[in-house]
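2 protein chains.
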Amino acid sequence: MTTRRTFLAGSALMGAAMSVSAHNHGDKHHGKKDELPRLLHHVFFWLKNPDSEADRAALIAGIKELAAIETVRAIHVGIPASTEKRDVVDNSYHVSELLCFDDVEGQNVYQVHALHEAFVEKCSHLWSKVVVYDTLAV
Amino acid sequence: MTTRRTFLAGSALMGAAMSVSAHNHGDKHHGKKDELPRLLHHVFFWLKNPDSEADRAALIAGIKELAAIETVRAIHVGIPASTEKRDVVDNSYHVSELLCFDDVEGQNVYQVHALHEAFVEKCSHLWSKVVVYDTLAV
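Those sequence lines, one after another, are chains A and B.
Sequence positions in the first sequence follow our numbering and run 1 to 138.
Sequence positions in the second sequence follow our numbering and run 1 to 138.
Calculated from the structure, these hints are not laboratory results.
Just so you know, these numbers come straight off a predicted model, no measurement behind them.
One thing to keep in mind: the hints can contain errors.
Intra- or inter-copy, both count: the list cannot distinguish identical chains.
Stated by the list, open to error - Below 20 Å or equal to it, Euclidean Cα-Cα: the simulated EDC-like pairs (lysine to aspartate or glutamate) are: (1) 129 - 102; (2) 64 - 117; (3) 48 - 121; (4) 129 - 84.
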């Protein structure tokens, strides 16, 4: 990662509405950490053809295009991590998408956005199951 | 939010290992957005006593203490958001916890950390079910 990219990451996030703990002064290693935008939209996808690298790549590429929607503050596109196998860990999904919004209204704008509709049209044949969690910071 | 807090949010995140799209130059409203730390650990809790406000508050308070663990880069503690009800949305959980790490190693440090063990000891009687998703950025 270049210094320039790190700077861009920091400055762009500074422009988003961040919820920051009132305890977060001084040495961050001994206080609370920064919180994320308040509304998280986390989606887990199970592919119809889990062995198809092409299908997985097409879904990942499709999700990444959602980042261009104005109300999306941050995005994470992932696959199951190689963490310790435990009963409570569900690593059966194939691709995950986390989109961060300032609030429910930002997520509503996304739901009906032309880019989101185009994504569903283009990619929904790729998955057999989707589970969504929408969670608001407390 | 004060300007100072906004600055702290930005500067602290600049210290974390952020994955930033190579496309993310210039006007961020027309390019890809910043990504989050690479390893997300998202946990959904179902309370034993969902009607107990005290139990919910105790769990939320317990989770927030995990933010002090050094490898935790960012944290979001939430409850189900009032988004549109759809078949694919699971809003049956009661409390969610998203912890962001730079990598799997950071999450491994967290798993065996004394503060995490203290949280499990103190709070595990509060929940009846936990589902965990660990996801690595692609």
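### Query
Should residue 64 paired with residue 117 be assigned to within, between, both, or neither, using CA atoms and 20 Å as the limit?
Result: close within a single copy only, 14 Å intra versus 36 Å inter.
### Message
When Cα atoms must be at most 20 Å apart, do residue 129 and residue 84 count as within-copy, between-copy, both, or neither?
### Response
between (24 Å within a copy, 19 Å between copies)
### Message
Reference check for the pair residue 48 and residue 121, CA-CA at most 20 Å: within, between, both, or neither?
### Response
Within one copy only: 16 Å inside a chain, 40 Å across chains, cut-off 20 Å.
### Task
First find the shortest C-alpha distance between residue 129 and residue 102 inside one copy, then the shortest across copies, and answer within, between, both or neither for a cut-off of 20 Å.
Classified as neither; 27 Å inside a copy, 29 Å across copies.
Violated hint for the displayed structure: number 1, the only one.
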